[in-house]
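Undergrad: Following the hints, complete the assembly by docking chain B onto the known chain R.
Residue numbers (my numbering), protein chains in the order written: chain R, 1 to 220; chain B, 1 to 249.
By construction, these hints were calculated from the structure, which means they are not laboratory data.
All of these numbers come straight from a predicted model, not from anything done at the bench.
All C-beta atoms, glycine included, are put in the ideal place defined by N, C-alpha and C.
Take these hints with a grain of salt, some might be off.
[What the hints assert, rightly or not] Here are a few chain R residues that face chain B, going by a calculated C-beta distance under 7 Å:
#	residue
1	D19
2	W23
3	A97
4	P99
5	N107
6	I180
7	W182
8	G183
[Stated by the list, open to error] Computed far set for chain B versus chain R, every beta-carbon distance over 12 Å:
#	residue
9	Y21
10	M40
11	N45
12	R49
13	Q50
14	K120
15	P138
16	Q145
17	R153
Residues per chain, in single letters:
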Amino acid sequence: MAEAEAVAAPASAAGMTADERHWLLRRLHSLSGIIPIGGFLFFHFFENAFVLKGGAMWWKETEFTRNLPFQIAVEAFVLWIPILYHAIYGLVITATAQPNDYPYERNYQYTLQRITGILAFLFIGFHVISTRGLYYAAGIETNYLRMHNFMMNPLILTTYLVGVLACVYHLTNGIFTFTITWGIAVGPRAQTLVNRACVALFIIMAIAGVAILLAFRAPA
Amino acid sequence: MPEKTQVLRIKRQESAKSEPYYEEFEVPYLPHHNVVSMLMEIRRNPVNRQGKRVAPVVFNANCLEEVCGACTMVINGRVRQACSQLANGLGGPATVEPMTKFPVVRDLWVDRAKMFDDLKKARAWIPIDGTYDLGPGPRVAPDVQEFAYLFSRCMTCGCCLEACPQFNSHSKFMGASVIGQVYLMSQHPTGKMNLTERLDAMMAEGGVADCGNAQNCVEVCPKDIPLTTAIAAVGRQTTIKWLRDLFMK
Chain R
1 MAEAEAVAAP ASAAGMTADE RHWLLRRLHS LSGIIPIGGF LFFHFFENAF
51 VLKGGAMWWK ETEFTRNLPF QIAVEAFVLW IPILYHAIYG LVITATAQPN
101 DYPYERNYQY TLQRITGILA FLFIGFHVIS TRGLYYAAGI ETNYLRMHNF
151 MMNPLILTTY LVGVLACVYH LTNGIFTFTI TWGIAVGPRA QTLVNRACVA
201 LFIIMAIAGV AILLAFRAPA
Chain B
1 MPEKTQVLRI KRQESAKSEP YYEEFEVPYL PHHNVVSMLM EIRRNPVNRQ
51 GKRVAPVVFN ANCLEEVCGA CTMVINGRVR QACSQLANGL GGPATVEPMT
101 KFPVVRDLWV DRAKMFDDLK KARAWIPIDG TYDLGPGPRV APDVQEFAYL
151 FSRCMTCGCC LEACPQFNSH SKFMGASVIG QVYLMSQHPT GKMNLTERLD
201 AMMAEGGVAD CGNAQNCVEV CPKDIPLTTA IAAVGRQTTI KWLRDLFMK
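Here chain R stands alone, though its shape is the one from the complex (with noise of 0.2 Å):
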């Protein structure tokens, strides 16, 4: 039967039905999440984590990511073509949410989950314009003193920290469902240990992204 179907299918094999259309949206919407854009994640803080070590030890490790070979080319298809379409189909997802109250563990998470990938979507557009953008449109350096400057205004630095906090739940979370939707933690134990490893994940870097934060606002 197989091979009777591979026969059948070059005559559709040029273009690809409405639904085979709609299950390749999906899946490469779970799977961008984590490649590139978790993977970048993890990147990104750990680059920054060097502002633990002083100033000019992040300004000096994070150089070679502001000189890379192909910068524009690299940074559209790593990061922004990928945010862009994992944030705009994940709106597209919310849309077909009807939350409701039962109340288990994982409906709440099922919430927290739309409510951070909305929250992540806001801020990455805020960070990535007030930095990238404006290196690009006018030539501003994100230098330590402007991150400084950043992190002592009260209102950005909410807005970092609740932005970092939500970026980091919807990549943990984002991890335990990916395992279930690709059909990698099947039973019901074996998503248990999977989801209190990412909440393991989730406490960790959520220390992490809120210590790289705090330590920006340490004079010059």
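TA: Quick look at chain B alone, frame taken from chain R:
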């Protein structure tokens, strides 16, 4: 009226198109009463709390032992079978409403046809009828039988869909019950012969990819069916089929 009574606050609706409203009834309290027997009590004497004689409350019920799924309702805000909800511990006034995810026919009676249509779309059956005797089917190992039995207990009651945030009027999602049946059919060696077409339905819009992982389905299922296991397992089957098709077709 005996000293102790139970008040039921029932969401009523004259027809599919008319506006819903709430009406309260008071029935004698008996600890062994359940919501269906209390609705029968109201049917015998359809007088509301204001003492006005009204049209009896329309409801669906059949087996009265939580195996048919017909009397599924939302009681005190939670979906379940009315026949297994005893008066004892119900509290009062208790709210009794029809399920919200299916069209109301009248009062507490809803039309669950979408569930059965979706089972057809997903081809959640094993075709064994033909023009000649196909002979006995392959044997199934006892542990596989035991596992498959868990999914065969589904009574298509609709609890999993009522509690699912992704199953609603603005989404085509078929919901956990259908995915559970697709998984059940793939447990059986004869059923596996039609796995491809079932997975095609699962990979279409409304299929397994539309699950939002709220996992309310497995919590509210009155038959304790491991629905989230079915969802993840069908997710795995579709992943494998997609990769195979990507390189083989």
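Undergrad: When the hints from earlier in the document are held up against this structure, which numbers fail?
TA: Failing hints: none at all.
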